[in-house]
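Each chain is listed here by its residues.
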Amino acid sequence: MTSFLIRRLALSVVLLFIISIISFFIVTMTPGSPYPWGELNPKISAEVKANFRKKFHLDRPLHEQYTLMMKDLFTGDLRSIKDDRPVMGKIMERLPATLALNITAILISLSFGTLLGVYAARNAGRWQDMAGSFVAFLFIALPGFWVSYLVAIVLVKGFGVPILGTHSYGIVFPNGFAAGLDTLWHLLIPASILAIGGIASQSRYLRATMIGTLREDYIRTARAKGLAEETVLYKHALRNSIRPLVTGIGMLLPALISGSVIIESIFAYPGMGRLFYEAVLERDYPTIVALNFIGAALILLGNLLSDLLYAAVDPRVRLE
Amino acid sequence: MNPGSSNISETPSARILRRFRADPIARIAVMIIILFALLAGGTALLSQFGHHWPFDPNLTNLEQKLLPPSPQHWLGTDNLGRDVLSRMLHGSSISLTVGLIAVFVSLAIGMVVGALAGYLGGITDQVLMRSVDALLCFPTFFLMLTAVALLGPSLINIVVVIGLVSWTGTARLVRGEFLTLRESEYVKSARVLGQNAWTIITRHILPNAAAPILVTAVLGIPEAILSEAGLSFLGFGVQPPQATWGNIIADGKTYLLDAWWLILFPGLAILIASLSFYLAGDALREAAESRG
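If you're matching them up, the sequences are chains A and B in order.
Position one of the first sequence corresponds to residue 45 (this note's numbering), numbered consecutively onward.
Position one of the second sequence corresponds to residue 59 (this note's numbering), numbered consecutively onward.
If you're looking for bench data, these hints aren't it; they were derived computationally from the structure.
C-beta: ideal position from N, C-alpha, C; glycine also.
Mixed in with the good hints, there may be bad ones.
Per the computed footprint, the stretches of chain B lying under chain A, defined by three or more beta-carbons under 8 Å from a beta-carbon of chain A, are [unchecked claim]:
{"no.": "1", "region": "140-150"}
{"no.": "2", "region": "156-168"}
{"no.": "3", "region": "199-211"}
{"no.": "4", "region": "276-288"}
{"no.": "5", "region": "314-321"}
Could you put together the complete structure from these sequences and hints?
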């Protein structure tokens with residue numbers, strides 16, 4: 045267990061190093077300037093430009109820029125080119141919203157994916173199974189931004205319900221409970237749309253594992269002793285097909301964090317995805333590199349957590 | 059011949075094709091794909107000769123802006139009075155081109171990396187597969203957006219960037235196939251006969267790994283189409299006035315509550331095209347995996 049953790053952490057450090065190099069070089073090797081006032085603005089004196097370059101280490105050779113940026117990232121001194129605020133502060137501000145959105149999306153993916161996967165597996169080979177796999181591919185093929193707008197048209201135009209941001213503006217709620225429900229509503233809409241693809245992949249993965257489990261002898265025994273089909277499926281079979289559910293967390297995260305760029309921008313949700321989109325629009329190099337780094341760190345953490353959880357729920361698994 | 063029966067003299071590819079053609083969903087999916095390809099090709103060909111059907115996609119007419127679908131403009135008009143159907147037809151060639159070329163790029167990289175890792179093994183395998191792991195924990199869309207936004211959005215940049223971030227699945231698959239096939243009797247005998255690595259890889263290993271590679275290729279097309287649509291939507295796709303399915307929706311979002319047709323129809327096109335590729339790819343996978 046300890047040696048597993050040490051090796052995983054060492055590997056994660058190597059991976060994060062590779063990732064930081066890739067994102068740093070994409071950002072610095074591409075044409076264009078990071079100056080917030082534009083490259084050729086005549087109103088900016090050479091002195092101001094020189095100070096700016098010095099401040100953000102742009103006057104140093106690339107490898108020094110890289111080390112300085114990484115040093116600043118870890119000491120918390122890294123500042124946004126755009127507004128001169130500490131990058132880590134900007135990210136930490138957005139992190140809770142993104143975590144709430146992604147964790148909700150994971151929970152939705154896992155629960156609905158499980159229902160769809162079990163349904164397809166118990167009817168394997170029949171038309172219900174075909175319909176299930178059609179629905180799964182339909183979900184994967186749905187462009188998230190398109191669904192968001194359709195939902196917006198229906199909810200806003202049809203029912204006049206506000207959906208942007210984290211809570212409704214200009215409404216005073218009678219008590220904390222009502223305000224909480226309002227916040228939950230504003231979380232559930234984008235999270236559900238974000239989860240659509242996850243429901244599909246989760247159900248496909250679970251279906252495959254579950255079909256294998258349903259052929260086991262202990263399932264035949266459970267049926268032979270007259271247990272209800274639901275008990276056999278959800279208690280005996282699902283528990284032995286738990287792997288997709290647990291590893292799903294690690295597998296879903298990259299897609300979710302990617303998807304949150306578009307969904308958060310549409311729903312004006314103040315998370316990391318929208319911060320990233322803003323940073324890309326503004327060519328805010330330190331923020332872009334830091335967000336790539338933190339995003340990858342979150343994914344690695346998710347992978348590690350799902351491995352540990354898998355060992356915890358399935359005693360047959362040993363981490364070595 | 060009965061499509062369900064098998065024939066001993068049948069080659070593997072003929073068997074896969076027979077099973078694929080017997081699948082009704084696969085047939086419908088392939089027909090839809092062919093329809094999209096014909097529409098895209100026909101539109102591109104017509105515009106080469108200066109003809110446009112039904113209208114010029116870039117012809118603005120402010121007197122006819124934001125018109126709902128009608129017998130004249132089947133799918134309505136946008137905020138500049140441009141015909142949405144014409145713009146979608148012109149956008150379809152972008153989507154299909156991006157899908158095909160991006161997959162070609164990712165297949166090329168994935169096959170080379172996977173073949174090297176699987177055939178050589180050892181330290182090469184370790185280094186290559188750790189790089190694949192690194193890319194897999196990258197939030198891919200962050201990476202694509204960073205690269206496309208900073209390099210400048212153009213058709214060629216988008217295709218290359220999508221290809222560059224999506225080869226990891228192919229590399230893993232090809233490596234796996236190589237690891238298995240490397241130990242097979244016929245590869246061993248080819249080695250004993252003194253054939254060089256290139257011949258062994260291209261003549262003996264690759265043809266036997268062709269089916270799963272083809273499946274990932276087909277399944278990669280809709281992913282590239284969806285990525286391009288997402289980039290277009292954020293304003294980092296192929297640039298206006300060239301219409302793409304994604305940027306029609308992006309332009310239409312300002313008129314979201316007044317002009318639903320600007321959102322609904324291009325999105326349906328993205329959905330139907332990518333769904334068809336997914337279903338065709340899945341049918342191909344089943345045809346390749348099943349015996350008999």
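Outcome of the hint check:
Check result for the region 140-150 of chain B against chain A: violated, 0 residues qualifying (beta carbon to beta carbon below 8 Å, three or more required). Here's how the region 156-168 of chain B fares: 0 of its residues keep a CB closer than 8 Å to some CB of chain A, so the rule of at least three is not met and the hint is violated. Look at the region 199-211 of chain B against chain A: 10 of its residues bring a Cβ nearer than 8 Å to a Cβ of that chain, three or more, so the hint holds. Coverage of the region 276-288 of chain B by chain A holds. Counting CB-CB distances below 8 Å, 4 residues qualify, and the rule asks for three or more.
A stretch counts as covered by a chain when three or more of its residues have a beta carbon under 8 Å from one of that chain; for the region 314-321 of chain B and chain A the count is 4, and the coverage holds.
Consistency with the previously given hints fails for numbers 1, 2, ordered from lowest to highest.
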